[in-house]
Amino acid sequence: MARDSSTGVLVLAGTPIGQAGDAPPRLAAELSGADVVAAEDTRRLKRLCADLGITLSGRVVSYFEGNEQARTPVLLEALLAGDRVVLVTDAGMPSVSDPGYRLVAAAVEHDVRVTAVPGPSAVLTALAVSGLPVDRFCFEGFLPRKAGERGRRLAALATEERTMVFFEAPHRTEAALAAMADALGDDRPAAVCRELTKTHEEVRRGPLAELVAWAAEGVRGEVTIVVEGSSGAPAVDTDPGSLRAAVADLEASGSTRKEAIAEVAKRAGLPKREVYDVVHR
Numbered sequence: 001m002a003r004d005s006s007t008g009v010l011v012l013a014g015t016p017i018g019q020a021g022d023a024p025p026r027l028a029a030e031l032s033g034a035d036v037v038a039a040e041d042t043r044r045l046k047r048l049c050a051d052l053g054i055t056l057s058g059r060v061v062s063y064f065e066g067n068e069q070a071r072t073p074v075l076l077e078a079l080l081a082g083d084r085v086v087l088v089t090d091a092g093m094p095s096v097s098d099p100g101y102r103l104v105a106a107a108v109e110h111d112v113r114v115t116a117v118p119g120p121s122a123v124l125t126a127l128a129v130s131g132l133p134v135d136r137f138c139f140e141g142f143l144p145r146k147a148g149e150r151g152r153r154l155a156a157l158a159t160e161e162r163t164m165v166f167f168e169a170p171h172r173t174e175a176a177l178a179a180m181a182d183a184l185g186d187d188r189p190a191a192v193c194r195e196l197t198k199t200h201e202e203v204r205r206g207p208l209a210e211l212v213a214w215a216a217e218g219v220r221g222e223v224t225i226v227v228e229g230s231s232g233a234p235a236v237d238t239d240p241g242s243l244r245a246a247v248a249d250l251e252a253s254g255s256t257r258k259e260a261i262a263e264v265a266k267r268a269g270l271p272k273r274e275v276y277d278v279v280h281r
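Taking the numbering used here, the leading residue of the sequence shown gets 1, the next gets one more, and so forth.
These aren't lab readings, by the way, just hints derived from the structure by calculation.
Heads up, the beta-carbon is just placed ideally off N, CA and C, and yes, glycines get one too.
You may find that some hints are simply not true.
Here are the computed distance ranges between Cβ atoms for each label pair [stated by the list, open to error]:
no.: 1; residue 1: A235; residue 2: E140; range: 41 to 47 Å
no.: 2; residue 1: P133; residue 2: G269; range: 38 to 44 Å
no.: 3; residue 1: P118; residue 2: R44; range: 15 to 21 Å
no.: 4; residue 1: S62; residue 2: V108; range: 20 to 26 Å
no.: 5; residue 1: R44; residue 2: T256; range: 37 to 43 Å
no.: 6; residue 1: A70; residue 2: V129; range: 22 to 28 Å
no.: 7; residue 1: S62; residue 2: H110; range: 19 to 25 Å
no.: 8; residue 1: T197; residue 2: T256; range: 36 to 42 Å
no.: 9; residue 1: G269; residue 2: A156; range: 18 to 24 Å
no.: 10; residue 1: R26; residue 2: P207; range: 53 to 59 Å
Take the sequences, apply the hints, and build the full model.
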């Protein structure tokens with residue numbers, strides 16, 4: 001690999017999300033030619049190299065959530081010394097709900113070149129096969145584990161008009177879908193994409209309520225959830241009863257009183273203070 005005359009290069013290398021055959025051709029060349037390979041899981045890296053038929057000549061170090069903060073300065077030192085550092089995670093693109101952001105930020109701060117080997121993405125794959133609108137979308141990563149925090153996050157997304165993509169653990173999929181149904185509506189179209197590109201790939205499409213019932217039977221494997229965006233927040237009538245009911249509904253979905261009042265004021269076209277006075281009267 002060509003080397004910069006003053007500093008090294010950080011290469012963010014996308015890895016297959018399922019089948020090894022999906023690896024981009026450049027991945028093997030980058031891994032075999034790297035001075036340092038930073039891997040989220042060194043055992044998975046070893047299996048990937050075996051699948052690709054390559055042998056690593058550089059130093060291999062672990063780089064995962066538990067040591068990311070401490071290991072970043074070490075890798076930055078290698079970059080500043082002129083090394084070509086290749087970062088790989090278990091699947092998909094580093095930094096996207098995976099380790100990498102800290103190292104990229106440190107490299108950019110020290111004027112180290114950062115490049116990438118584009119690879120498979122669970123976000124874009126799920127979006128493409130979901131059957132939901134793809135012209136505008138947003139990635140929300142993993143929802144909070146605690147029910148209250150999860151409800152507040154979803155309540156804030158109730159009026160999001162873009163298609164939303166989430167990652168979720170299989171054992172939390174039913175709870176996540178139920179919280180989505182509470183905050184976004186039972187009838188909101190969605191898709192659960194499980195084990196994408198793998199042998200047991202499955203895509204379940206339907207309204208959220210239907211998907212909750214399906215998930216109650218148990219979910220296994222890597223899960224990506226795609227949810228259609230809002231068609232627009234429903235207007236709220238300006239009479240006191242309607243305002244109080246709308247605030248109560250949002251609070252029940254996990255919003256704080258302050259957040260609920262602000263949202264209802266927006267939907268009703270009223271000053272927040274006026275809605276506040278009605279609710280607290």
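Going through the hints against the structure:
1. A235 x E140: 41 to 47 Å: 26 Å Cβ-Cβ, so the 41 to 47 Å window is violated.
2. P133 x G269: 38 to 44 Å: Between P133 and G269, where Cβ atoms are some 27 Å apart, the hint is violated.
3. P118 x R44: 15 to 21 Å: Roughly 20 Å apart at Cβ, these two residues keep to the hinted range, so it holds.
4. S62 x V108: 20 to 26 Å: holds, 23 Å
5. R44 x T256: 37 to 43 Å: holds, 41 Å
6. A70 x V129: 22 to 28 Å: violated, 39 Å
7. S62 x H110: 19 to 25 Å: holds, 22 Å
8. T197 x T256: 36 to 42 Å: holds, 40 Å
9. G269 x A156: 18 to 24 Å: For A156 against G269, whose Cβ atoms are near 20 Å apart, the range 18 to 24 Å holds.
10. R26 x P207: 53 to 59 Å: Violated: the Cβ-Cβ distance is about 41 Å, outside 53 to 59 Å.
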